[in-house]
Amino acid sequence: MTRGALLLAAVAALAALPWLASPFLLSLAMACLMYAGLAVSWSFFSGPSRYLSLGVSAFFGLGAYCSAWGLPALPWPAALLLGAAIAAAFATAVGLLTLRLSGAQFAVITFGLGELVKYAVTWVEKSLFGTVGRIVADPPQDRTVYLTLLVLAVSAALAYRAVARSRLGLALRGIGADELRAATLGVDARQARVMGFALSAAFAGAIGAAASVRWTYVDPRTAFDPFIVFQTVLIAMVGGPARLGGPVAAAVALTLLAELLRLRLPYLYMIVLGTLLVLSVLFLPDGLSGLWAARRGTPRLNEPAPEPGDPAPGRPVSMAPPAARGPDHA
Amino acid sequence: MLEALPLLEVRDLSVRFGGLRALSGVTLRLCDAELLGVIGPNGAGKTTFFHAMSGVVPPTSGRLRLAGEDLTGRPPHVYARRGVARTFQTPRLLGELPVLDQVLFAIRFGAGRRLGKDDPRQLAHALLRRVGLSAQAHRPATELPPAGQRLLEIAVALGTRPRLLLLDEVAAGLTEAEVAQVSSLIAAIRHELGVAVIWIEHAVGALLRTVDRVLVLHHGEAIADAAPREVVRNARVLDAYLGAEAAT
Numbered sequence: 001m002t003r004g005a006l007l008l009a010a011v012a013a014l015a016a017l018p019w020l021a022s023p024f025l026l027s028l029a030m031a032c033l034m035y036a037g038l039a040v041s042w043s044f045f046s047g048p049s050r051y052l053s054l055g056v057s058a059f060f061g062l063g064a065y066c067s068a069w070g071l072p073a074l075p076w077p078a079a080l081l082l083g084a085a086i087a088a089a090f091a092t093a094v095g096l097l098t099l100r101l102s103g104a105q106f107a108v109i110t111f112g113l114g115e116l117v118k119y120a121v122t123w124v125e126k127s128l129f130g131t132v133g134r135i136v137a138d139p140p141q142d143r144t145v146y147l148t149l150l151v152l153a154v155s156a157a158l159a160y161r162a163v164a165r166s167r168l169g170l171a172l173r174g175i176g177a178d179e180l181r182a183a184t185l186g187v188d189a190r191q192a193r194v195m196g197f198a199l200s201a202a203f204a205g206a207i208g209a210a211a212s213v214r215w216t217y218v219d220p221r222t223a224f225d226p227f228i229v230f231q232t233v234l235i236a237m238v239g240g241p242a243r244l245g246g247p248v249a250a251a252v253a254l255t256l257l258a259e260l261l262r263l264r265l266p267y268l269y270m271i272v273l274g275t276l277l278v279l280s281v282l283f284l285p286d287g288l289s290g291l292w293a294a295r296r297g298t299p300r301l302n303e304p305a306p307e308p309g310d311p312a313p314g315r316p317v318s319m320a321p322p323a324a325r326g327p328d329h330a
Numbered sequence: 331m332l333e334a335l336p337l338l339e340v341r342d343l344s345v346r347f348g349g350l351r352a353l354s355g356v357t358l359r360l361c362d363a364e365l366l367g368v369i370g371p372n373g374a375g376k377t378t379f380f381h382a383m384s385g386v387v388p389p390t391s392g393r394l395r396l397a398g399e400d401l402t403g404r405p406p407h408v409y410a411r412r413g414v415a416r417t418f419q420t421p422r423l424l425g426e427l428p429v430l431d432q433v434l435f436a437i438r439f440g441a442g443r444r445l446g447k448d449d450p451r452q453l454a455h456a457l458l459r460r461v462g463l464s465a466q467a468h469r470p471a472t473e474l475p476p477a478g479q480r481l482l483e484i485a486v487a488l489g490t491r492p493r494l495l496l497l498d499e500v501a502a503g504l505t506e507a508e509v510a511q512v513s514s515l516i517a518a519i520r521h522e523l524g525v526a527v528i529w530i531e532h533a534v535g536a537l538l539r540t541v542d543r544v545l546v547l548h549h550g551e552a553i554a555d556a557a558p559r560e561v562v563r564n565a566r567v568l569d570a571y572l573g574a575e576a577a578t
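Going down the list, the protein sequences come from chains A and B. The C-terminal position of the first sequence is numbered 330 in this note's numbering, with every residue numbered one higher than the one before it. The C-terminal position of the second sequence is numbered 578 in this note's numbering, with every residue numbered one higher than the one before it.
Here chain A stands alone, though its shape is the one from the complex (with noise of 0.2 angstroms):
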């Protein structure tokens, strides 16, 4: 079987999973499916660009807010298209306000704007409503979300090879290269940062919307919550960012022991991931898949497979430009 037959397969395999699995082992699922999707739409703007953005808790709340906000009066994929559309816009705000910024400030000011957004809403609730914090009114089933969820996250790996093998996604290898070079070169950089910052946070969004269901009962503290994007960062950047396997397998594995340690040993988990984080950081730039590919010698997904010796010899080729060399990129 080919490796495309085999995805195809493992995914019909998750889509009959409602109607096999036990509502723990769904919920569960339903966590995983959450951080993989949010891992992966995360790795395809932070990992080529290195610009690390702490925003997604903001999105991902964002996009909460919008299904406690909307439902029932809106279908569920119209929640979700507006969680989705509300994330993407206000990254494009930040996006806009962030260009002159290096790396290390954009993560802090992704990170203060996530916080900014959750008091705003605190704020707004407050003086509009006079409570703070909302119940979801007639939440869809958790065969739906789950389905949803699942939908949510092989979109987002959809999403992370398009990029990949597209001129955005060289546009953010070369950002995350050299900005500076990739401008004298021909990169509009401004553009290149905020489409894919806007893209990955559209899947923030929408991934808020339909997990946030599962709560029945959405507030600032939660939908924001900060664990979402600390987990999410190191997910990716302990999975490793370059490589789509990467994050989703540290997705399954991180989520699993998040659930079988957070209630009983909560201590001991937050070691486990600081430790793993720390070690990532330190010694395995690429991630735990980097290593897996290292040893194994496969390229990663978004380098172009080198192709062996010169060309063959075709239309000889000058080095010079066509002899016109009229005003070009109109």
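The hints are simulated quantities; they were obtained by calculation from the structure and are not laboratory data. Hints may contain errors.
Part of the chain A face toward chain B, derived, beta carbon under 10 angstroms [as the list claims (entries may be wrong)]:
| id | residue |
| --- | --- |
| 1 | G70 |
| 2 | R143 |
| 3 | A177 |
| 4 | A183 |
| 5 | T184 |
| 6 | R190 |
What follows is a list of derived Cβ distance ranges for each label pair [to be verified]:
| id | chain 1 | residue 1 | chain 2 | residue 2 | range |
| --- | --- | --- | --- | --- | --- |
| 7 | B | H532 | A | R161 | 43 to 49 angstroms |
| 8 | A | A104 | B | P476 | 25 to 31 angstroms |
| 9 | B | G398 | A | W69 | 52 to 58 angstroms |
| 10 | A | D178 | B | G348 | 24 to 30 angstroms |
| 11 | A | R221 | B | D400 | 52 to 58 angstroms |
| 12 | A | A162 | B | G349 | 45 to 51 angstroms |
| 13 | A | L7 | B | P388 | 48 to 54 angstroms |
| 14 | B | H532 | A | L291 | 26 to 32 angstroms |
| 15 | A | D178 | B | L568 | 36 to 42 angstroms |
None of the values given here were measured: they were computed from a predicted structure. Cβ coordinates follow ideal geometry from the N, Cα and C atoms, glycine included.
Given chain A, put chain B in place with the hints provided.
The following block gives chain B in isolation, referenced to the frame of chain A:
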């Protein structure tokens, strides 16, 4: 009769960093396929001049036109796409990307319509052959020795199919043989590709033997713009630049 439109027209270009005048009122015209050298002592404003001509630093005043189009104040990628390519004093490469992919990157983002119907991979290989890096095409760029990195930077800059190439001290730190190789490469680029070149060099010997014209910068001002043999006899230049070096 109409005067032919110059490729590059720089008028009264100035750059200030706070109270420091890094570049004041530099005016310059350059034609297609012309080779201009820029010399000057340390701190003369040579690199600032390149920064201002590639969109890296916006000029405080003055105008810059490329083939008649005003590019003053535009961001770096616009300069690249319009055909201004540059190298940096310390080679700046795109991380550990393989040598060939660095050139392909430049072709993909910078060449645009100037690529025409040419195949990007063939062009990249042709450029690497031209600078003598064919054998290293699939090695990570970080593994190249310093001279190799400078040659790769030139190949990468040429990948954007420039009309104007800005070379910032590409011969610095090279052996005499390597300097000779780079000088003849620069002359060949101009003749074979018809690209106009502005070449900054701190060590002036090889430059004076290769270029058509020399612009001398001193404290951010252009104190001479003439043929090499005239420049070396210019009293102000001797005093400001060659004199300063002779004194050390």
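To see whether the hints hold, each was checked on the structure:
1. G70: 39 angstroms, violated
2. R143: 45 angstroms, violated
3. A177: The hint holds - A177/A has a Cβ within 10 angstroms of chain B, the shortest such distance being about 3 angstroms.
4. A183: Check passed: Cβ of A183/A comes within 4 angstroms of chain B, closer than 10 angstroms.
5. T184: Interface hint status for T184/A: holds (5 angstroms vs cutoff 10 angstroms).
6. R190: 7 angstroms, holds
7. H532/B / R161/A: 43 to 49 angstroms: The hint (43 to 49 angstroms, Cβ to Cβ) holds, given that H532/B and R161/A are roughly 47 angstroms apart.
8. A104/A / P476/B: 25 to 31 angstroms: 29 angstroms, holds
9. G398/B / W69/A: 52 to 58 angstroms: Distance hint for G398/B, W69/A holds at roughly 55 angstroms.
10. D178/A / G348/B: 24 to 30 angstroms: Check passed, 26 angstroms falls within 24 to 30 angstroms.
11. R221/A / D400/B: 52 to 58 angstroms: 53 angstroms, holds
12. A162/A / G349/B: 45 to 51 angstroms: 50 angstroms, holds
13. L7/A / P388/B: 48 to 54 angstroms: With Cβ atoms ~49 angstroms apart, the hint holds.
14. H532/B / L291/A: 26 to 32 angstroms: 44 angstroms, violated
15. D178/A / L568/B: 36 to 42 angstroms: 39 angstroms, holds
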